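Asks: Listed in order, the protein sequences are those of chains A and B. Per this note's numbering, the first sequence runs over residues 1 to 318. Per this note's numbering, the second sequence runs over residues 319 to 859.
Simulated from the structure, these hints should not be mistaken for lab results. None of the values given here were measured: they were computed from a predicted structure. Among the hints, erroneous ones may be present.
Quick partial rundown of chain A residues pointing at chain B, CB under 7 angstroms, derived from the structure [claimed, not checked]:
1) Pro-35
2) Gln-40
3) Leu-42
4) Gly-44
5) Ala-46
6) Ser-90
7) Thr-153
8) Leu-154
9) His-176
10) Ser-177
11) Pro-242
12) Ser-263
13) Asp-276
14) Ser-277
15) Ala-279
16) Ser-280
Where is the CB? At the ideal position from N, CA and C, for every residue including glycine.
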Amino acid sequence: MSAKLGIAIARRLGASCVSLVFVVVAVFFITSALPGDVAQSLLGQAATPDAVTALRHNLRLDEPVLLRFANWADGLLHGDFGMSLVSHQSVMSMVHERLLHSLVLAGITTLFAVPTALLLGTFSAIFRNTVFDRCMSVLTLCVVSVPEFLVATLAVLVFAVQLHLLPALASISDIHSIGSFLAAFSMPVTTLGCVIMGQMARMTRAVMVNVLSSSWVEMAVLKGVSPTAIILRHVLPNVVAPLFNVMALSLSYLLGGVVIVESVFHYPGIASLMVDSVASRDIPLVQSCALIFCAAYLLLTTLADVVSLFSAQERSRA
Amino acid sequence: MLNRRNMMKQGTRLLVTGFCAAQPWSGAAGAAGNNTDGAGFARTGLQGAQPRTGGHVRAASTSGSLSDTLDPARQSMATDYMRGNMFYDGLVALDETLTPHPALATSIDSADFKTWRIQLRSGVCFHDGATLTSADVVYSILRHKAPELGSQVHYQAMAMRIVKTDGPLGVVIELDAPNIAFPSVLGLTNFAIIREGTTQFHKANGTGPFTCAVFQPGIRSVALRNPNFWKSGGVWVDSLELISISDDMARHNALLSGDVDIIAAVDPRLVALIRQHNIAVLESPTGTYTNLAIRQDVGPGQNPDFVQAMKLLFNREQMRSSIYLGFCRTGNDQPLPPEHRDCNTTLPQTRFDPDKARFLLKKNGFLNQNLPPLVCSPAANGSVEMAVLLQNTAQNIGLKLDVRRMPADGYWSQSWMHFPMGFGNVNPRASADMTFALSFASTAPWNESHWCNPQFDQLLALSRQEPDAIKRHALYNDMQAMIHTGSGVCIPSFITSLDGFHPRIQGLRPHQGGQLMGYNFARHIWVDEQSSRSTAEETAP
Chain A
1 MSAKLGIAIA RRLGASCVSL VFVVVAVFFI TSALPGDVAQ SLLGQAATPD AVTALRHNLR
61 LDEPVLLRFA NWADGLLHGD FGMSLVSHQS VMSMVHERLL HSLVLAGITT LFAVPTALLL
121 GTFSAIFRNT VFDRCMSVLT LCVVSVPEFL VATLAVLVFA VQLHLLPALA SISDIHSIGS
181 FLAAFSMPVT TLGCVIMGQM ARMTRAVMVN VLSSSWVEMA VLKGVSPTAI ILRHVLPNVV
241 APLFNVMALS LSYLLGGVVI VESVFHYPGI ASLMVDSVAS RDIPLVQSCA LIFCAAYLLL
301 TTLADVVSLF SAQERSRA
Chain B
319 MLNRRNMMKQ GTRLLVTGFC AAQPWSGAAG AAGNNTDGAG FARTGLQGAQ PRTGGHVRAA
379 STSGSLSDTL DPARQSMATD YMRGNMFYDG LVALDETLTP HPALATSIDS ADFKTWRIQL
439 RSGVCFHDGA TLTSADVVYS ILRHKAPELG SQVHYQAMAM RIVKTDGPLG VVIELDAPNI
499 AFPSVLGLTN FAIIREGTTQ FHKANGTGPF TCAVFQPGIR SVALRNPNFW KSGGVWVDSL
559 ELISISDDMA RHNALLSGDV DIIAAVDPRL VALIRQHNIA VLESPTGTYT NLAIRQDVGP
619 GQNPDFVQAM KLLFNREQMR SSIYLGFCRT GNDQPLPPEH RDCNTTLPQT RFDPDKARFL
679 LKKNGFLNQN LPPLVCSPAA NGSVEMAVLL QNTAQNIGLK LDVRRMPADG YWSQSWMHFP
739 MGFGNVNPRA SADMTFALSF ASTAPWNESH WCNPQFDQLL ALSRQEPDAI KRHALYNDMQ
799 AMIHTGSGVC IPSFITSLDG FHPRIQGLRP HQGGQLMGYN FARHIWVDEQ SSRSTAEETA
859 P
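Full structure from sequences and hints, please.
Replies: What follows is the structure, encoded as structure tokens:
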């Protein structure tokens, strides 16, 4: 039984690796196909043909695309992500810092949003079709449909500009104490929380309602099991797999999809690094960022898959 | 006190040792003299207030990305220029009216305007403790010539045939051809002086008023006051953090909430709102312009009547009030703004005249024809709005114009100067000479309309050898007249730069060189916590 599970997991991981390679190749050739290159973008208005040619040669951009890709891929296999063409710093060091910031933001948002969403979803499912459920349904729908830049800008307008309670910018360098940490992160985390919480709460409710209306839950009720025990012992283990899938999708968004929130709060995360590097056609950096986003996404979805495999195994054993 | 205009007349000796002591920014004594400055700008800040040392300031600029650099050669964006001016010095500094003054050089002389002798200030130290020598200067200038560096001033550097040392504090620069306006070239931020042999720019090692404590491209930099700065009273604040917030809304919110003290590029629509919050808005009449360039070597621009008609189709008053909300000055199809000391104010103003335009276009058969599109982009400030206004006006007289809006990303390298009719945006140059040489001479690299006028080129060469300021001014006037009537560049307005700052910040003054005092606010500001101005209003002429 467990050998079968091992094979399934290995197959899943293998598929992830293949996707990763595919994404890396695709990203490289798509960025190469963008109009303009890093030499033109660096020179801007001073991009006379001679200057562009010289700089291109200096940055070794005049080599064939395939050769450049081979060089980059070779470096990658040896653990070298390459040098940024724009800043001449190692991509690793640039990504490292930004990734850390993004992980902190994503981590705090997860800690705050996941339990809240699960609780709200569960209670909505238990008290389904009551006033509470309907209110929650309307509220989550509102939160999902309002774009994050509006939430962020409104939050800044109210709490920073009008009330002067919180800083408008989430500057990492200003964080010296727990208080300043909370102040800096409260608005970005709330904004991001809004985006993922609504969706997660609704999905949780849908999954829970599905299970709660099944015949074996009815059986448990008839047997006289307490509601708390029904939820914790009988329902939760059965909804873990779909919930993990929902969470995986939401969390992978937190790493790469938060560029608007990063820009509104001037938070130096990895999403804005990627957008920046695309604008300046800094291909090694674009690729490393894409690689990280893709790896994170695959990691989370693979994790969700593994969890569902496990839970299927547990169920069949039971 | 030596008079600046007399100095210019002398020609052969533009800069004199010790001149610096009489400059407005060198201390309280100079501050009073500032009102007599040529442009007659209204002063901001409290009259007679004494600059004081200390305080921390946080400023937010607009552009910021990974390509932020501390390499003076590569700096091309506002944030970069601001950083460059904090950490480095040039041989020459340009004041509010873009007049060159000595900085690291104490004098720049030339008998024939071709061979320039530069005497350096002695005892100036780099941030790492090394003393400034002529070798540093030669290295700093010559590196711009290497094409693979990608220098923004490669073109200007190539005009210097020989750059060599002449003793430990002397430098000799020999130009290809005489140029009396050469000291202004050395005032460009890109010609900042760095230590000989520097190739890494993770930190800045200059002679400037601030040392570089933190530099993170695209995020922020922290500058600390340099205790060994060579100029006494040349810098006031203890530390200065510069961040860049490209999102307009976020930048204004940061100012309103007090997260930052100064922001560059206030949206004209928000000026009234910001002033209501007791935050000042500095209006600088800069020579920045957004222009339509009609190429004269291809397409309809080959016909001078077409160019003339397009100039007449610009409803300058409407553009002024609806696009810039009054924060601009009307342009007259020549590149020098009305405040510029060399501006030709006697030229007849081009006015909106659809009837005459229609007559000219009809005569040449341009009406109801398919014409090349007007290429515009958000990258060129206000160009999309201008193109649409122009399209509407043209429609009324039967001229079909298509507007092609390009993305800001890559506009300068991909689209600008590539189409028969396209919009550009040009920042003020350091001198009238540089404006003419870079954007209007036949061989100029940024000759947007591909205008070729040998007579203009002759006048340019003549003006570069003319020691008499009055005669030179007359030549400049003639050249502007030629651009006004002949060139395919339509300049409807000069954009007023708007910067917002809290009342605690003192010392900011309007500057013709660009936003936040020609990107050089760091040296001029000081903090006055007690200041509680009731009216936060600054006015420009």
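Asks: Next, verify each hint and record whether it holds.
Replies: Each hint tested on the structure:
1. Pro-35: This interface hint holds because 5 angstroms falls under the 7 angstroms limit.
2. Gln-40: Status holds, d = 4 angstroms.
3. Leu-42: holds (6 angstroms)
4. Gly-44: holds (5 angstroms)
5. Ala-46: holds (5 angstroms)
6. Ser-90: violated (11 angstroms)
7. Thr-153: holds (6 angstroms)
8. Leu-154: This interface hint is violated because 11 angstroms lies over the 7 angstroms limit.
9. His-176: violated (14 angstroms)
10. Ser-177: Because about 17 angstroms separates A/Ser-177 from the closest Cβ in chain B, which is outside the 7 angstroms limit, the hint is violated.
11. Pro-242: violated (37 angstroms)
12. Ser-263: It holds, given that the least Cβ distance between A/Ser-263 and chain B is near 5 angstroms, below 7 angstroms.
13. Asp-276: holds (5 angstroms)
14. Ser-277: It holds, given that the least Cβ distance between A/Ser-277 and chain B is near 6 angstroms, below 7 angstroms.
15. Ala-279: holds (5 angstroms)
16. Ser-280: A/Ser-280 check passes; min Cβ-Cβ to chain B is 5 angstroms, inside 7 angstroms.
The structure fails to meet hints 6, 8, 9, 10 and 11 from the earlier list, while all remaining hints are met.
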